[in-house]
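Student: Sequence:
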Amino acid sequence: ELSDAACNVLTGLHGVKVGHHGPNFHLGDEPAEHIRQLLHAQRVFLENGVTTVGDAQVSKREFATYQALTESDELKMRVSMYFLSHLLDEVIELGFTGPFGNAFLSAAGVKLYADGTLGGWTAYFPEGYVGDPCRTGQLYHDP
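128 is the number of the first residue of the sequence shown in the numbering used here; add one for each residue after it.
Worth flagging that the hints you see were computed from the coordinates, not collected in a lab.
Treat the hints with caution; some may be incorrect.
[Stated by the list, open to error] No farther apart than 20 Å at their CA atoms in a straight line, the calculated lysine to aspartate or glutamate pairs in the DMTMM-like style are these:
id, residue 1, residue 2
1, LYS187, GLU157
2, LYS203, GLU160
3, LYS203, ASP182
4, LYS187, ASP156
5, LYS238, ASP182
6, LYS187, GLU217
7, LYS238, GLU189
8, LYS187, GLU160
9, LYS187, ASP216
10, LYS238, ASP269
11, LYS203, GLU174
12, LYS238, GLU220
13, LYS187, GLU220
14, LYS238, ASP216
15, LYS238, GLU217
16, LYS187, GLU198
Using the sequences provided together with the hints, build the complete structure.
Tutor: This is the structure we're talking about:
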């Protein structure tokens, strides 16, 4: 396919391509770098009057970063976390079945993905896409 060939030029043969990765992709930065990045983003938000953020992509990495800033009293904006659905069992195991958090950090829910996106051709169509019936997209959970 032409799009795969173009993607290979940008990412190399084994690079991450749309439709060839899971619902979330992270680089291997150290926790200190995550903290630095969040502090920078928080500063920009607050300087521009944004005092509350809803993060709908919280994995273990983001949760640990938010916790670190909360424990060091550096979290100055309100954050409502939505954990990714692949963490559902762990969220329940940790006891997030009711209210959690403080004035700045709270667990708001779990973000459930049914399938992918139209733009990435990963939205699920069991009969296939028009013009490309072999491409059906992907489901993230069994029906």
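Student: If a hint holds in the structure, say so; if it does not, say that too.
Tutor: Hint-by-hint comparison with the structure:
1. Under the criterion of a C-alpha separation no larger than 20 Å, the hint pairing LYS187 with GLU157 is consistent with the structure, at around 13 Å.
2. The hinted pair formed by LYS203 and GLU160 meets the criterion: a straight-line CA distance of about 18 Å does not exceed 20 Å.
3. Among the hinted pairs, LYS203 with ASP182 is consistent with the structure: their alpha-carbon atoms are about 15 Å apart, no more than 20 Å.
4. Under the criterion of a C-alpha separation no larger than 20 Å, the hint pairing LYS187 with ASP156 is consistent with the structure, at around 13 Å.
5. Simply put, LYS238 and ASP182 have alpha-carbon atoms about 10 Å apart, close enough for the 20 Å limit, and the pair holds.
6. Our distance criterion of 20 Å between C-alpha atoms is met by LYS187 and GLU217, whose separation comes to about 10 Å.
7. A distance of roughly 14 Å separates the Cα atoms of LYS238 and GLU189; the hinted pair therefore holds under the 20 Å criterion.
8. Straight-line distance between C-alpha atoms of LYS187 and GLU160 comes to about 15 Å, which keeps the hinted pair within the 20 Å bound.
9. A threshold of 20 Å between alpha carbons decides the hint, and for LYS187 with ASP216 the separation of about 13 Å falls inside it, so the pair holds.
10. Simply put, LYS238 and ASP269 have alpha-carbon atoms about 16 Å apart, close enough for the 20 Å limit, and the pair holds.
11. As the CA atoms of LYS203 and GLU174 are separated by approximately 12 Å, the hinted pair is consistent with the 20 Å bound.
12. Restraint check for LYS238 and GLU220: satisfied, since their Cα atoms lie roughly 17 Å apart, inside the 20 Å limit.
13. For the hint pairing LYS187 with GLU220, the CA-to-CA distance comes to about 14 Å; that is within 20 Å, so the pair holds.
14. Between the alpha carbons of LYS238 and ASP216 the distance comes to roughly 13 Å, so the proposed pair stays at or under 20 Å and holds.
15. Straight-line distance between C-alpha atoms of LYS238 and GLU217 comes to about 14 Å, which keeps the hinted pair within the 20 Å bound.
16. Straight-line distance between C-alpha atoms of LYS187 and GLU198 comes to about 16 Å, which keeps the hinted pair within the 20 Å bound.
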